[in-house]
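**Student:** The residues making up each chain are set out below.
6 protein chains.
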Amino acid sequence: MALVRLIEYGDAVPEVKAVYDDIMRTRGVDWINNFWKALANDPALLVRTWQNVKQVMAPGALDPLVKEMVYVAVSATNGCEYCTHSHTAAARKKGMSDAMLMELMAVVGLANETNRLANGLRVDVDEAFKPKSQ
Amino acid sequence: MALVRLIEYGDAVPEVKAVYDDIMRTRGVDWINNFWKALANDPALLVRTWQNVKQVMAPGALDPLVKEMVYVAVSATNGCEYCTHSHTAAARKKGMSDAMLMELMAVVGLANETNRLANGLRVDVDEAFKPKSQ
Amino acid sequence: MALVRLIEYGDAVPEVKAVYDDIMRTRGVDWINNFWKALANDPALLVRTWQNVKQVMAPGALDPLVKEMVYVAVSATNGCEYCTHSHTAAARKKGMSDAMLMELMAVVGLANETNRLANGLRVDVDEAFKPKSQ
Amino acid sequence: MALVRLIEYGDAVPEVKAVYDDIMRTRGVDWINNFWKALANDPALLVRTWQNVKQVMAPGALDPLVKEMVYVAVSATNGCEYCTHSHTAAARKKGMSDAMLMELMAVVGLANETNRLANGLRVDVDEAFKPKSQ
Amino acid sequence: MALVRLIEYGDAVPEVKAVYDDIMRTRGVDWINNFWKALANDPALLVRTWQNVKQVMAPGALDPLVKEMVYVAVSATNGCEYCTHSHTAAARKKGMSDAMLMELMAVVGLANETNRLANGLRVDVDEAFKPKSQ
Amino acid sequence: MALVRLIEYGDAVPEVKAVYDDIMRTRGVDWINNFWKALANDPALLVRTWQNVKQVMAPGALDPLVKEMVYVAVSATNGCEYCTHSHTAAARKKGMSDAMLMELMAVVGLANETNRLANGLRVDVDEAFKPKSQ
Chain A
1 MALVRLIEYG DAVPEVKAVY DDIMRTRGVD WINNFWKALA NDPALLVRTW
51 QNVKQVMAPG ALDPLVKEMV YVAVSATNGC EYCTHSHTAA ARKKGMSDAM
101 LMELMAVVGL ANETNRLANG LRVDVDEAFK PKSQ
Chain E
1 MALVRLIEYG DAVPEVKAVY DDIMRTRGVD WINNFWKALA NDPALLVRTW
51 QNVKQVMAPG ALDPLVKEMV YVAVSATNGC EYCTHSHTAA ARKKGMSDAM
101 LMELMAVVGL ANETNRLANG LRVDVDEAFK PKSQ
Chain F
1 MALVRLIEYG DAVPEVKAVY DDIMRTRGVD WINNFWKALA NDPALLVRTW
51 QNVKQVMAPG ALDPLVKEMV YVAVSATNGC EYCTHSHTAA ARKKGMSDAM
101 LMELMAVVGL ANETNRLANG LRVDVDEAFK PKSQ
Chain G
1 MALVRLIEYG DAVPEVKAVY DDIMRTRGVD WINNFWKALA NDPALLVRTW
51 QNVKQVMAPG ALDPLVKEMV YVAVSATNGC EYCTHSHTAA ARKKGMSDAM
101 LMELMAVVGL ANETNRLANG LRVDVDEAFK PKSQ
Chain P
1 MALVRLIEYG DAVPEVKAVY DDIMRTRGVD WINNFWKALA NDPALLVRTW
51 QNVKQVMAPG ALDPLVKEMV YVAVSATNGC EYCTHSHTAA ARKKGMSDAM
101 LMELMAVVGL ANETNRLANG LRVDVDEAFK PKSQ
Chain L
1 MALVRLIEYG DAVPEVKAVY DDIMRTRGVD WINNFWKALA NDPALLVRTW
51 QNVKQVMAPG ALDPLVKEMV YVAVSATNGC EYCTHSHTAA ARKKGMSDAM
101 LMELMAVVGL ANETNRLANG LRVDVDEAFK PKSQ
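If you read the protein sequences in the order shown, they are chains A, E, F, G, P and L.
Just so you know, my numbering puts 120 at position 120 of the first sequence, and the rest follows in order with no gaps.
Just so you know, my numbering puts 26 at position 26 of the second sequence, and the rest follows in order with no gaps.
Just so you know, my numbering puts 9 at position 9 of the third sequence, and the rest follows in order with no gaps.
Just so you know, my numbering puts 94 at position 94 of the fourth sequence, and the rest follows in order with no gaps.
Just so you know, my numbering puts 67 at position 67 of the fifth sequence, and the rest follows in order with no gaps.
Just so you know, my numbering puts 39 at position 39 of the sixth sequence, and the rest follows in order with no gaps.
Keep in mind that the hints were calculated from the coordinates and are not lab data.
A portion of the hints provided could be inaccurate.
Because identical chains cannot be distinguished in the list, a pair is counted as satisfied if it fits within a single copy or across any two copies.
[As the list claims (entries may be wrong)] Computed list of lysine-lysine pairs in DSSO-like fashion (alpha-carbon distance at most 30 Å, straight line):
{"#": "1", "residue 1": "K54", "residue 2": "K94"}
{"#": "2", "residue 1": "K54", "residue 2": "K130"}
{"#": "3", "residue 1": "K54", "residue 2": "K17"}
{"#": "4", "residue 1": "K93", "residue 2": "K130"}
{"#": "5", "residue 1": "K17", "residue 2": "K94"}
Bear in mind the structure is a predicted one, so any value in this text is a computation, not a measurement.
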């Protein structure tokens, strides 16, 4: 049970309905997931977050599947159950296989391990890795 | 200054030298970065970590550049300065442009934001996102 | 099911009962929540933690509602389900509306996003932001 | 040295200059801090992030000083050096005294402690804290 | 329900069965826990992770019970429900009492608190704590 | 440069001096490290934090060296530079060798890795690991 009411389409103000419509149209689905229904308690937050997601996750210098996998990697690192489920589902829809998911998790696990080895031993950044004077 | 001595090639035991040689050969470089010199205080840890990195970061279901970018994403999320520098350098070497780095960071930032919105509002996972009975 | 037994009032040693009584009196409630019942397995930890909470969350330079909202912000950032529920309930009791909760989450989300943008791009702290020589 | 070039006003494209102008006007300052100069490598990210910050941190159900302190609390929890400095400076400008900062940190520290006690002992959420059926 | 199928012994390829056999033999148990059944979707990841766990958790400069308690401390800090349960169970099997668990959690909580006080106030490391020139 | 003034012994109020004296006496040193000098801006926070540290880190069900190593493990996981330095120094003083530090980091790294594998694949806790009805 979320900490706030989930706003269903029928109960939504026009501003929220417009976002719901855009989500369904953009994603080619006929339902709204709970995340957006919770944000809808603050229409400005809903509008802003959806615009951000829509803009950031669109094709660009990186392809959308790579972006979804990065999203899963961050969500797994942070332990976000909701986001891990929702973005794994989205990544599968865009073509992520089980083999790709397992490799993704292997990288995520390894990065989390070596992050702590480097941080825990307080290893100094090598000069060669530092950006050149700009 | 790291919490342990950095083991230079000339001071290394044969087991460590063998790993250093393999790192330089695999990466096509002629120097060893500080991370490995710190791990070399525990040769078993050095051997194991290098084997893990070598295996996980090799081409597979995901391509090596995608893996490097996922590594950067995790390191940025965890705030690991060393790993962010070293893996950004590695990703650039494999072809990551500034435009790709900026988009990667945009996804990392957004994922960290929505992870907290979902966790903070305690949004339940939608049935449609849950894996089917297996 | 917690990893340790929950100590009910009737089963508690006098030192624990005294803390339970003080919690109920201070908060104006007639029950003890599970967090304290778990800590009661180590009476010294229970006494110390309750004294800390009582002292820190009391009115001071910041008002108690602001403190509760900061508590919720940290708990959401860390993904602590228990603390998010318990401190959201406490904040509501002290006057936090749904609108305030939603805005709080918007700030928490945004801060988590920009924390990673700043950390991920390794942006140097501007001189103007650094504390003056003291 | 940031991982990307810092874009100075004189080198900026018009879209970036417009954001810089709005930042200076909104904040009543005559300089741009490094965070925005780094984001300016991706004008769309700069525009979006500034709009988000401007909207979220404006007066609303919570007052701007409370919002800044929540920002500091999250940044301290995540260990973001840049954001801790920049938002502490912003909070001081809005009236945060040393006494308020110290109390804020006391709450942040305590929340981080009890988050781990609750998570580590796997304490179940009390029924009384759960939101009522909605 | 895990995001991938749990591979039972009877359905496993020989490489996976060999790891399962080694896990049961090493730990003196006659069943395999879900973590390994999930990793088995990627036999190379399973083999690698088990070898790492077996090597790292073996007696060495630190005794195995101390290692298990450190594992619990990290898992509690990260909020990993699965690992907190599995490693608390392992630590109990190796002799951890309730009193030891409670004291462990007290240290974990306190460290998480003071980490944020030090990070949040941006306290500089004392010269006396820094490693000597090496 | 810390965000608040560091309070030197000569500038301290009697309540703070008393804590400084107790720290030096308890630890057998003749100086005060920066962490306490920063907390001294809020004497109540200083008193409370020192009492907590003194109580929690004293010999009990766990020995003080194990506690210091757990402290280092948590600090490395959270990326706290100050605490990693100060508690590594404290652990060395209590007998931690380089070999013990390296093994400690190996456990910390591995736990951070498997925490994400378990969280990322959303593995369900095995019934056998769950605490029995209490």
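**Student:** Please work out whether the CA atoms of K54 and K130 approach to 30 Å or closer within one copy, between two copies, in both situations, or in neither?
**Tutor:** This pair counts as between: shortest inter-copy Cα distance 23 Å, intra-copy 33 Å.
**Student:** Within a copy, between copies, both or neither: where do K54 and K94 come within 30 Å Cα-Cα?
**Tutor:** both (15 Å within a copy, 28 Å between copies)
**Student:** Pop the pair K54 and K17 into one bin, within, between, both or neither, using alpha-carbon distances up to 30 Å.
**Tutor:** both (16 Å within a copy, 25 Å between copies)
**Student:** Using 30 Å as the alpha-carbon threshold, which applies to K17 and K94: within, between, both, or neither?
**Tutor:** Only inside one copy: K17 and K94 sit 26 Å apart there, 32 Å across copies, limit 30 Å.
**Student:** Under a CA distance limit of 30 Å, which applies to K93 and K130: within one copy, between copies, both, or neither?
**Tutor:** So K93 and K130 pass the 30 Å test across copies only (13 Å; inside, 38 Å).
In summary, the structure agrees with every hint in the numbered list given earlier.
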